[in-house]
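A.B. asks: Given next are the chains, with one letter for each unit.
2 protein chains.
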Amino acid sequence: MSLSLYENFVEKFTHIRLLRQIERLLKWDYETCMPVAAVEIRAKQLAYLNGLIHQESTSQAYRSGLEEMVDLATGTIKLAGVSPIEASNLTIWSKDLLRLTRLPISFIETFTAAKINAVKVWKQAKLSSDFSLFSPWLQKIVDLNKKQADLLGYVDSPYDALIDLYEPGMTASTLSTIFDDLAPFLSSFIKKEAIQDSPYAAYFDHDFSAEDQRKFNQLLLDTINVPSTCTRLDFSVHPFCMGMHPTDVRLTTHLGGGLLQNIFAVLHEAGHALYELGFSKEAWNTPAAQPISMAVHESQSRWWEVMIGHSLPFWTYIYPTLQAYFPQLKGLSLSNFYQHINHIKPSCIRIYADEVTYPLHIILRFEIERQLIEGNISAADVPDLWNNKMKDLLGIVPDNDAMGCLQDTHWASGSFGYFPTYALGNIYAAQYFTAFSAAFPDWKVRVAGGSFLFIKEWLHNNIHQYGRRYDTAESMQRVTGQSIALDAYKDYITKKYR
Amino acid sequence: MSLSLYENFVEKFTHIRLLRQIERLLKWDYETCMPVAAVEIRAKQLAYLNGLIHQESTSQAYRSGLEEMVDLATGTIKLAGVSPIEASNLTIWSKDLLRLTRLPISFIETFTAAKINAVKVWKQAKLSSDFSLFSPWLQKIVDLNKKQADLLGYVDSPYDALIDLYEPGMTASTLSTIFDDLAPFLSSFIKKEAIQDSPYAAYFDHDFSAEDQRKFNQLLLDTINVPSTCTRLDFSVHPFCMGMHPTDVRLTTHLGGGLLQNIFAVLHEAGHALYELGFSKEAWNTPAAQPISMAVHESQSRWWEVMIGHSLPFWTYIYPTLQAYFPQLKGLSLSNFYQHINHIKPSCIRIYADEVTYPLHIILRFEIERQLIEGNISAADVPDLWNNKMKDLLGIVPDNDAMGCLQDTHWASGSFGYFPTYALGNIYAAQYFTAFSAAFPDWKVRVAGGSFLFIKEWLHNNIHQYGRRYDTAESMQRVTGQSIALDAYKDYITKKYR
Chain E
149 MSLSLYENFV EKFTHIRLLR QIERLLKWDY ETCMPVAAVE IRAKQLAYLN
199 GLIHQESTSQ AYRSGLEEMV DLATGTIKLA GVSPIEASNL TIWSKDLLRL
249 TRLPISFIET FTAAKINAVK VWKQAKLSSD FSLFSPWLQK IVDLNKKQAD
299 LLGYVDSPYD ALIDLYEPGM TASTLSTIFD DLAPFLSSFI KKEAIQDSPY
349 AAYFDHDFSA EDQRKFNQLL LDTINVPSTC TRLDFSVHPF CMGMHPTDVR
399 LTTHLGGGLL QNIFAVLHEA GHALYELGFS KEAWNTPAAQ PISMAVHESQ
449 SRWWEVMIGH SLPFWTYIYP TLQAYFPQLK GLSLSNFYQH INHIKPSCIR
499 IYADEVTYPL HIILRFEIER QLIEGNISAA DVPDLWNNKM KDLLGIVPDN
549 DAMGCLQDTH WASGSFGYFP TYALGNIYAA QYFTAFSAAF PDWKVRVAGG
599 SFLFIKEWLH NNIHQYGRRY DTAESMQRVT GQSIALDAYK DYITKKYR
Chain B
149 MSLSLYENFV EKFTHIRLLR QIERLLKWDY ETCMPVAAVE IRAKQLAYLN
199 GLIHQESTSQ AYRSGLEEMV DLATGTIKLA GVSPIEASNL TIWSKDLLRL
249 TRLPISFIET FTAAKINAVK VWKQAKLSSD FSLFSPWLQK IVDLNKKQAD
299 LLGYVDSPYD ALIDLYEPGM TASTLSTIFD DLAPFLSSFI KKEAIQDSPY
349 AAYFDHDFSA EDQRKFNQLL LDTINVPSTC TRLDFSVHPF CMGMHPTDVR
399 LTTHLGGGLL QNIFAVLHEA GHALYELGFS KEAWNTPAAQ PISMAVHESQ
449 SRWWEVMIGH SLPFWTYIYP TLQAYFPQLK GLSLSNFYQH INHIKPSCIR
499 IYADEVTYPL HIILRFEIER QLIEGNISAA DVPDLWNNKM KDLLGIVPDN
549 DAMGCLQDTH WASGSFGYFP TYALGNIYAA QYFTAFSAAF PDWKVRVAGG
599 SFLFIKEWLH NNIHQYGRRY DTAESMQRVT GQSIALDAYK DYITKKYR
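Chains as they are written, first to last, in this note's numbering: chain E, 149 to 646; chain B, 149 to 646.
Hints are computed from structural coordinates only; laboratory data are not their basis.
Hints may be right or wrong, so weigh each one.
Pairs involving identical chains hold if they fit within one copy or between any two copies, as the list cannot separate such chains.
[Stated by the list, open to error] List time: in silico EDC-like cross-link candidates among lysine to aspartate or glutamate, alpha-carbon distance up to 16 Å:
id, residue 1, residue 2
1, Lys192, Glu171
2, Lys192, Glu159
3, Lys539, Glu515
4, Lys429, Glu188
5, Lys192, Glu430
Construct all of the structure, not just a fragment, from the sequences and the given hints.
C.D. replies: Have a look at this one:
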């Protein structure tokens with residue numbers, strides 16, 4: 149009896165999950181396939197779907213259905229005889245509902261319209277490197293995010309309410325503690341390196357055949373066991389991964405940036421894809437088929453892109469094949485190739501940053517966006533602050549704002565509190581990797597020999613299969629026996645680069 | 149005041165049209181992009197969308213909104229001061245609503261489930277050429293179509309209710325009159341031809357480069373002014389065209405069937421695409437952005453595939469380019485190429501039939517499906533009847549049922565009354581073409597010189613721009629000054645082949 153109440157609830161509101169999948173397909177199509185002239189009608193389709201999803205997810209029927217099983221005010225589960233998984237799902241649904249109902253439709257509509265305009269203006273501002281164009285729109289987005297934080301509620305900082313959207317439970321204060329420790333640690337690696345280009349850069353200054361790159365991309369996906377029956381790989385301006393369902397996960401990459409950029413984009417998106425592919429097919433319409441958080445998602449992409457994809461064992465196995473596909477690399481030894489892909493050099497553009505300097509770009513953005521949201525600075529202060537922090541953290545200053553504070557779309561797109569998940573992803577990946585290395589002390593030998601399935605299985609067994617059953621801190625504790633901490637990451641960087 | 153009532157209605161129910169576009173995108177994706185393992189979740193997504201569309205299109209709110217403007221029982225428009233276009237839209241919406249409400253959800257669900265199973269069984273039956281497997285499912289689909297005809301209502305034959313779904317206003321009796329005239333006329337062309345292969349067939353027995361075919365496909369689309377900003381061309385098992393909106397129309401073709409099959413598939417689907425692209429962008433959420441009927445849609449595809457695409461002027465212009473792309477054709481003269489593409493030879497498979505024998509395949513299907521629906525024969529009688537009629541109409545008998553009555557998916561997919569639209573499309577195309585030739589007596593010179601825009605514009609001005617404003621008979625009268633008749637088609641075939 150109690151079970152059927154739960155099952156009826158899942159069944160009755162399955163369409164909300166279907167609508168979310170459909171919305172994601174429309175977004176994927178927008179970036180990959182859609183004829184350019186269809187942009188206006190697609191905006192109408194998406195606006196309608198978003199409204200419908202919000203309406204259905206916050207309907208009285210949905211709320212009443214949940215309230216039969218959970219006391220929403222306290223979070224207490226009233227239903228007897230629920231399994232631990234069901235209890236976890238009920239708790240997550242309740243939290244999600246409370247959060248959603250705090251944002252009225254009128255706010256969502258205003259925010260959505262502002263974001264669309266802000267992105268338009270940001271594109272112009274970036275093209276002409278003219279921050280003054282974007283400044284009033286940035287301030288508008290900041291103010292709307294403050295409003296959003298007020299609606300969502302918070303204890304210490306309004307920024308906490310925003311990061312909670314992407315990394316539940318994380319706070320500005322915790323982030324500051326982590327980043328204040330991390331910044332000088334990473335900067336110390338820069339000082340010891342001469343700021344110069346990799347001596348092997350010329351090997352990659354070729355027009356590598358697009359057709360061969362496509363083939364090598366597929367080989368990479370096959371090698372690390374991304375199943376082609378459940379995925380596809382397309383090309384888009386910015387690489388991304390869109391998961392609709394554990395049987396339908398779509399990756400994109402980009403050929404315009406160069407051979408290595410393409411290869412690491414494929415590995416990065418493959419990491420995201422394997423996470424989404426690892427969710428339960430049976431429980432696809434529950435939180436069991438959802439990621440814990442954006443930072444855990446990023447830990448999975450960085451796992452395959454960096455921990456594995458930038459490792460010597462990985463290239464020991466695959467480099468001869470890369471050379472066979474691209475004879476231009478015949479003269480470059482494995483050891484020099486490895487040095488090249490792990491070369492540290494501060495640069496202005498986040499998405500091209502190496503493993504060591506990358507988190508510094510994130511720390512800079514965190515410090516600025518936190519101050520914006522907490523009201524200590526205004527949008528107009530951003531360019532100077534950006535350039536000063538670049539000098540402090542990375543020792544360089546961008547030539548102009550297009551290469552500086554106008555480079556990313558995130559703020560224009562309305563996302564505040566999102567950037568930190570990129571850095572956290574690296575930290576989590578290193579923590580998970582320490583546990584993995586302990587379980588498989590011979591992983592390097594296995595990988596150098598072309599064995600990869602055990603890695604996917606370890607990730608699946610320890611992380612993927614649970615979906616949102618455990619939050620980040622619980623997942624970390626279960627998998628590594630530890631809290632979220634910097635030690636593993638610092639240890640990994642030190643061993644690799646010192 | 150009266151106008152705002154109308155406009156409010158359009159605005160309030162625009163989401164129904166958006167949902168239909170989204171459903172079409174999911175179907176397009178299913179055929180072109182979707183990973184194979186996603187078939188089950190896609191079925192769930194489509195089933196939900198279909199249910200939602202039916203629910204919204206037949207809701208009490210929709211009905212009440214329409215009833216404020218139209219007396220649904222009589223079709224009388226109650227709203228004062230409506231424009232002719234608005235009046236036409238109100239009439240069409242009323243008819244569509246009445247038809248939809250005649251089919252209860254329970255019937256639609258039963259029918260949908262039966263079709264899914266019937267297609268599965270049909271695929272097996274076709275593979276093993278074993279009609280006995282399919283026979284009970286064919287009978288089930290026939291019975292459900294009889295039930296559907298009863299629900300929809302009819303005067304003379306239940307078949308009338310079904311063909312009305314695809315070609316409003318057409319009847320079994322009218323079709324019999326047309327086809328009884330057409331069959332001996334077309335058969336007479338076969339008797340005069342020796343039943344043998346084209347002497348130039350060997351020229352096409354090559355592996356033509358897929359990449360060059362892709363490029364030539366694009367050149368064809370550019371040549372006849374299919375705008376690339378609003379379209380895309382993909383590959384699928386069976387070529388099709390899916391229009392979501394006048395700015396988003398997607399074509400597919402198929403490379404596996406050979407060079408000519410690919411070329412004519414592109415021209416055929418381009419004809420469908422130009423129709424959908426020609427609808428009003430402003431009135432996209434009204435019947436002004438919908439096709440008159442399946443047969444008129446087919447007239448547009450056959451126009452570009454056959455009337456233009458199999459004409460000597462067309463190939464006078466484009467054949468040198470074809471030869472440049474595919475040097476294998478260097479030895480084949482334009483005149484012999486033209487003979488080859490217009491070679492008449494009866495064959496068992498409808499989709500590979502030439503222009504003259506094609507309608508005979510349709511007449512055969514019409515005569516069988518009419519008798520099935522009118523209950524004069526049962527599914528088990530189909531194979532013998534098929535083979536006898538093949539002998540009568542085309543002078544040949546298929547080796548087995550896979551090449552015979554199991555070749556098409558239409559019946560398994562639940563469509564009865566659809567096949568005749570293929571033949572009607574040719575007849576309408578010839579009628580429209582007579583009017584076009586009168587307006588442009590120099591069309592051959594223009595086309596041979598590479599001019600095509602005037603054709604697209606004539607079709608747009610006379611047919612496309614109106615959407616469903618006029619029904620087939622009205623459109624024909626306005627464009628050609630005549631009723632639907634065979635004369636133009638017979639005249640065209642006679643001039644070309646006698």
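A.B. asks: Hints first: check each against the structure and report whether it holds.
C.D. replies: Verification of the hints:
1. Proximity of Lys192 to Glu171 under the C-alpha cut-off of 16 Å is found in both arrangements, the shortest distances being 12 Å within a copy and 15 Å between copies.
2. Proximity of Lys192 to Glu159 under the C-alpha cut-off of 16 Å is restricted to the inter-copy arrangement: shortest distance 12 Å between copies versus 28 Å within a copy.
3. Taking the shortest Cα distances, Lys539 and Glu515 sit within 16 Å of each other inside one copy (14 Å), while across copies they are farther apart (83 Å).
4. For a Cα distance limit of 16 Å, the shortest separation of Lys429 from Glu188 across copies, 11 Å, qualifies, whereas the shortest one inside one copy, 34 Å, does not.
5. Taking the shortest Cα distances, Lys192 and Glu430 sit within 16 Å of each other only across copies (14 Å), while inside one copy they are farther apart (33 Å).
Figure legend: structure checked against the earlier numbered hints; every hint is met.
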